[in-house]
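Novice: Residue-level listing of the chains:
There are 2 protein chains.
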Amino acid sequence: MSHRFNEKTIHRDEIFKGRVISLHVDEVELPNGKTSKRELVRHPGAVAVIPILANGNILMVEQFRKPLERAIVEIPAGKLEPDEEPELTAKRELEEETGYQCDNLEHLISFYTSPGFADEIIHLYVATGLSKAENPLTADEDEFVNLLEVSLQEAEEMIVSKQIYDAKTAYAILYLKLKEHMK
Amino acid sequence: MSHRFNEKTIHRDEIFKGRVISLHVDEVELPNGKTSKRELVRHPGAVAVIPILANGNILMVEQFRKPLERAIVEIPAGKLEPDEEPELTAKRELEEETGYQCDNLEHLISFYTSPGFADEIIHLYVATGLSKAENPLTADEDEFVNLLEVSLQEAEEMIVSKQIYDAKTAYAILYLKLKEHMK
Numbered sequence: 225m226s227h228r229f230n231e232k233t234i235h236r237d238e239i240f241k242g243r244v245i246s247l248h249v250d251e252v253e254l255p256n257g258k259t260s261k262r263e264l265v266r267h268p269g270a271v272a273v274i275p276i277l278a279n280g281n282i283l284m285v286e287q288f289r290k291p292l293e294r295a296i297v298e299i300p301a302g303k304l305e306p307d308e309e310p311e312l313t314a315k316r317e318l319e320e321e322t323g324y325q326c327d328n329l330e331h332l333i334s335f336y337t338s339p340g341f342a343d344e345i346i347h348l349y350v351a352t353g354l355s356k357a358e359n360p361l362t363a364d365e366d367e368f369v370n371l372l373e374v375s376l377q378e379a380e381e382m383i384v385s386k387q388i389y390d391a392k393t394a395y396a397i398l399y400l401k402l403k404e405h406m407k
Numbered sequence: 225m226s227h228r229f230n231e232k233t234i235h236r237d238e239i240f241k242g243r244v245i246s247l248h249v250d251e252v253e254l255p256n257g258k259t260s261k262r263e264l265v266r267h268p269g270a271v272a273v274i275p276i277l278a279n280g281n282i283l284m285v286e287q288f289r290k291p292l293e294r295a296i297v298e299i300p301a302g303k304l305e306p307d308e309e310p311e312l313t314a315k316r317e318l319e320e321e322t323g324y325q326c327d328n329l330e331h332l333i334s335f336y337t338s339p340g341f342a343d344e345i346i347h348l349y350v351a352t353g354l355s356k357a358e359n360p361l362t363a364d365e366d367e368f369v370n371l372l373e374v375s376l377q378e379a380e381e382m383i384v385s386k387q388i389y390d391a392k393t394a395y396a397i398l399y400l401k402l403k404e405h406m407k
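For the protein sequence lines, the chains are Y and P, in the order given.
Per our numbering, the first sequence starts with residue 225, numbered consecutively.
Per our numbering, the second sequence starts with residue 225, numbered consecutively.
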């Protein structure tokens, strides 16, 4: 990978430090010697889980998303806590949001969601061997979710109807479709 | 879709208004009557294009991404200009970043990248019937990209080696893999 693209930070303005994200603006030196500004969001990173039941259906959660001012349907997901291993976060979020535990958790892929302005990374897992937890962990006190069990076909219809509308869940559905075709 | 999850804004603090993104913090009333804070990034939205050559290879661009402090390889993409139709943005960004024009542009899917904290939406297109533009549009003056032509197999290896590391490009590769399997 070449280094000739590098943008060196000349000056940084710290704008905001919140509970979830922080924002700073860097003045950078471009490869041609000119300068520009970059608006940069820091995020702790997140995990998402594709929970596949024995019948092939997927567990999803309906959740209000304030940035969109609407509820959408997503695979279970949540932010990484400081120093928490992503695999533990995945198991915790799965149980908190669905009430299920899993025997098998396989790392599928990790990707940055918005590399143009944010450093948020999502670690995506596939969970199988699911069973209802006897005394499941409860969700964060400001989190309200509605559990759904959907087939792959229903999930695809939910993309068309814009109930499913986010990158990680769209990726999950495409993954399941490919898995179906490779059988 | 149920409305019982809605989070009503009680108070809004405008924190930052930049060239690309803006940030505000909302105090919201939760479904249980309690209050919480939401940190919200506004983004104009973006397009991304999967440019498929007649030989089946894909055009990609290597680009330094300041939030990650490294260069990654992505499908061509760019922000929506105010009131610009996404399809026009897609054709413009394709030509600016790769020097190619396309005969066919098909909308594949649109998704929110980070619905937990941002409203960024990406409209994803497939471009075929590609040919080199005689006098291609030039890129933004603060944008430096390196054009690559890769096969599906090379693209999959670039995911493993973390040269490809973002959601839209990972989705694009999975889409091409599914297309290959459905042949």
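I should point out that these hints are in silico values taken from the structure, not numbers from a laboratory.
Any given hint might turn out to be false.
Note that the list lumps identical chains together, so a pair holds whenever it fits in one copy or between two copies.
Below, a list of computed lysine-lysine pairs in the BS3-like style, where the Cα atoms sit at most 25 Å apart [stated by the list, open to error]:
id, residue 1, residue 2
1, Lys315, Lys241
2, Lys407, Lys258
3, Lys386, Lys407
4, Lys303, Lys407
5, Lys258, Lys315
6, Lys232, Lys403
7, Lys261, Lys401
8, Lys401, Lys232
9, Lys401, Lys290
10, Lys232, Lys356
11, Lys401, Lys386
12, Lys315, Lys232
13, Lys241, Lys403
14, Lys232, Lys407
15, Lys258, Lys356
16, Lys290, Lys403
17, Lys258, Lys303
18, Lys315, Lys403
19, Lys403, Lys261
20, Lys258, Lys403
21, Lys407, Lys290
22, Lys356, Lys261
23, Lys356, Lys241
24, Lys261, Lys407
Novice: If the cut is 25 Å between Cα atoms, do Lys232 and Lys403 qualify within a copy, between copies, both or neither?
Specialist: neither (43 Å within a copy, 40 Å between copies)
Novice: Please work out whether the CA atoms of Lys315 and Lys232 approach to 25 Å or closer within one copy, between two copies, in both situations, or in neither?
Specialist: neither (39 Å within a copy, 31 Å between copies)
Novice: Up to 25 Å between alpha-carbons, please classify Lys232 paired with Lys407: within, between, both or neither.
Specialist: neither (48 Å within a copy, 46 Å between copies)
Novice: With identical chains, the pair Lys386 and Lys407 could be close in the same copy or across copies; at 25 Å between alpha carbons, which is it: within, between, both, or neither?
Specialist: neither (28 Å within a copy, 28 Å between copies)
Novice: State whether the alpha carbon distance between Lys258 and Lys356 is at most 25 Å within one copy, between copies, both, or neither.
Specialist: neither (58 Å within a copy, 29 Å between copies)
Novice: Could you figure out if Lys303 and Lys407 sit no more than 25 Å apart (CA to CA) within one copy, between two copies, both or neither?
Specialist: neither (33 Å within a copy, 38 Å between copies)
Novice: Using 25 Å as the alpha carbon limit, work out where Lys401 and Lys386 are close: within a copy, between copies, both or neither.
Specialist: both (18 Å within a copy, 24 Å between copies)
Novice: At 25 Å max between alpha carbons, let me know whether Lys315 reaches Lys241 within a copy, between copies, both or neither.
Specialist: Answer is neither; intra-copy 28 Å and inter-copy 37 Å both fail.
Novice: If the cut is 25 Å between Cα atoms, do Lys356 and Lys261 qualify within a copy, between copies, both or neither?
Specialist: This pair counts as neither: shortest intra-copy Cα distance 50 Å, inter-copy 32 Å.
Novice: Evaluate Lys401 and Lys290 at a C-alpha cut-off of 25 Å and name the case that applies: within, between, both or neither.
Specialist: neither (30 Å within a copy, 34 Å between copies)
Novice: At most 25 Å between CA atoms: does that hold for Lys315 and Lys403 within a copy, between copies, both, or neither?
Specialist: within (23 Å within a copy, 32 Å between copies)
Novice: Up to 25 Å between alpha-carbons, please classify Lys258 paired with Lys403: within, between, both or neither.
Specialist: neither (48 Å within a copy, 43 Å between copies)
The structure shown violates the earlier hints numbered 1, 2, 3, 4, 5, 6, 7, 8, 9, 10, 12, 13, 14, 15, 16, 19, 20, 21, 22, 23 and 24.
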